[in-house]
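Participant: Here's the letter readout for the chains.
Protein chains: 2
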Amino acid sequence: MPKTPFEKYAQEVNVKNHFAVQFEITDVLFSGQSDFQKVEVVETVGHGRMLLNDDLVMLTERDEFAYHDMITHVPLFVHPNPERVLVIGGGDGGTAREVLRHRAVKKCVMVEIDKMVVDASIKHLPVTSSELDSPRLELLIEDGVKYMRESTETFDVIIIDSTDPIGPATPLFGEAFYQDVAARLSSNGIVVAQGESPWYEATMQKKLLSVVQEIFPLRTYYNFSNLTYPGGLWSFMYASKGRHPIHDFDSSKVSASELKFRYYNEGVHKAAFSLPQFMKDNLEGLIQLP
Amino acid sequence: MPKTPFEKYAQEVNVKNHFAVQFEITDVLFSGQSDFQKVEVVETVGHGRMLLNDDLVMLTERDEFAYHDMITHVPLFVHPNPERVLVIGGGDGGTAREVLRHRAVKKCVMVEIDKMVVDASIKHLPVTSSELDSPRLELLIEDGVKYMRESTETFDVIIIDSTDPIGPATPLFGEAFYQDVAARLSSNGIVVAQGESPWYEATMQKKLLSVVQEIFPLRTYYNFSNLTYPGGLWSFMYASKGRHPIHDFDSSKVSASELKFRYYNEGVHKAAFSLPQFMKDNLEGLIQLP
Chain A
0 MPKTPFEKYA QEVNVKNHFA VQFEITDVLF SGQSDFQKVE VVETVGHGRM
50 LLNDDLVMLT ERDEFAYHDM ITHVPLFVHP NPERVLVIGG GDGGTAREVL
100 RHRAVKKCVM VEIDKMVVDA SIKHLPVTSS ELDSPRLELL IEDGVKYMRE
150 STETFDVIII DSTDPIGPAT PLFGEAFYQD VAARLSSNGI VVAQGESPWY
200 EATMQKKLLS VVQEIFPLRT YYNFSNLTYP GGLWSFMYAS KGRHPIHDFD
250 SSKVSASELK FRYYNEGVHK AAFSLPQFMK DNLEGLIQLP
Chain B
0 MPKTPFEKYA QEVNVKNHFA VQFEITDVLF SGQSDFQKVE VVETVGHGRM
50 LLNDDLVMLT ERDEFAYHDM ITHVPLFVHP NPERVLVIGG GDGGTAREVL
100 RHRAVKKCVM VEIDKMVVDA SIKHLPVTSS ELDSPRLELL IEDGVKYMRE
150 STETFDVIII DSTDPIGPAT PLFGEAFYQD VAARLSSNGI VVAQGESPWY
200 EATMQKKLLS VVQEIFPLRT YYNFSNLTYP GGLWSFMYAS KGRHPIHDFD
250 SSKVSASELK FRYYNEGVHK AAFSLPQFMK DNLEGLIQLP
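In order, the protein sequence lines correspond to chains A and B. For the first sequence, the residue numbers in numbering that gives the first Met the number 0 are 0 to 289. For the second sequence, the residue numbers in numbering that gives the first Met the number 0 are 0 to 289.
Because the hints were derived from the structure by calculation, they are not lab data. Just so you know, these numbers come straight off a predicted model, no measurement behind them. Misleading hints may appear alongside valid ones.
No copy is singled out in the list; a pair is fine if it fits within one copy or between any two copies.
In silico PhoX-like pairs for lysine-lysine, Cα to Cα no more than 20 Å straight-line [said to hold, decoys possible]:
id : residue 1 : residue 2
1  : K279      : K259
2  : K279      : K269
3  : K279      : K206
4  : K114      : K145
Model the full assembly from the supplied sequences, consistent with the hints where possible.
Facilitator: Take a look at the structure:
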């Protein structure tokens, strides 16, 4: 049995895929068990602080910008005028932080089920939680599935920044949820969602596109590289009622925005939708992007 | 101290970056110490057989196609008529296998310094070594640096399929070597080289482009995702006397070739050259790709 934190995390991640990523951990800054999951913030060597939920790496300070750039700026630069944005999950604050950099955004609603993640992030992860007190942010601690079912608000962009489809996030990968997402989206609306690993979760990737295929006329995945997720390559699902992620992307808006990024840029935006052949083969007939 | 092979490999890879990838190993099929390095072939759970040199993962059967597709098909589809191809390193045979799928290739010379890698691959890695007996392949067991210095042959594409710039591969990252590469390349010639991790080897990536900046007018990196390399994201260096990897890429040749790929396709070719912003920032002034 593993004894040190260093060994422990590696072994846990390994359970499913016989593959693990392993980090050297020097300190445990926070460890708690919420109603939903185990929440930990640890100090690593070389990767800054790390957030783990149920022993799975959520982010590190070293590479969180890749995930947060790509889950936000892709839809926000495709939508012509993203005034109202909804984030489901994203308790660390990184997604809200990037959403709020867009001046067009008048209001960002963030619905996180687990207050412990938010509190631990505010205390120990200032890099991601820096905008959680923004006047343009409405932070709700509640079940995103329930919120989506009961809300009557309309959003231009909805971002599902969830954990894996095990534990509390499971309903976020279901059809009932996406029916509610569609009902909450404006006519040009876009939804993006954490879409798992093309290498390890090929079946889940098929399933999620199947779930949305009757709901959204445009649907696909786009990829980015996350240093600290197993296998590196990671996907976001993109679905929209009418906005094409390439044809409706006006790259001049990126330079005009004067925003500086560390991962995202105009070339990366377009390139992210060019999927490796093994992924295209797996998703054949499910991707709809004329 | 680590005791099982499973723990051992993980800890070794971790030395430099405080990060490791860890695999479950069920059997050691081959283990030897050559004049140059430790060579091992092991059986993993879920990733097929794995080749390791000096405890670093070189390939697994599960994902080797990504590396071999991208190191070969990118330059071979940019060059108008790649008749003569040189591979330095690549002892497992995977690069030669993909090169020889191109009908234009009349001759592929492969120069591998370590016979033990070739022999172990022929015996234990039939997936990659399948074309090492091709009549169009000239396999030389000798020092690639020496070969490059003394050869009088000319090549259309030169592929440096090397290990990391530690141990036997170190001179393959030096300026003298690239002067010889340029001398051996035809007028439209292209060289690509294993280019390390953008996340972990930013300094090395700068250095390699610096090395070639006086030698090749066109030079950059392109990326792909390697499941079993630390961090996933990986680069190849691309340099040429005159062939631009995007402008001189005729994508219709890909479909006309009727070759089937598992990673490479026309979209992936172009997308690979769109680098994440942190990588562009690191390589500012060194990338030359008008």
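Participant: It remains to establish, for every hint, whether it holds in the given structure.
Facilitator: Hints versus structure:
In this homomeric assembly, K279 and K259 come within 20 Å of each other (Cα to Cα) only across copies, at 13 Å, whereas the closest approach inside a single copy is 31 Å. Taking the closest pair of Cα atoms, K279 and K269 come within 20 Å of each other both inside a single copy (16 Å) and across two copies (16 Å). Taking CA atoms no more than 20 Å apart as the test, K279 paired with K206 passes inside one copy only; the shortest distance there is 14 Å, against 35 Å between copies. When the C-alpha separation of K114 and K145 is checked against a cutoff of 20 Å, the pair qualifies only within one copy, where the shortest distance is 16 Å, while the shortest distance between copies is 63 Å.
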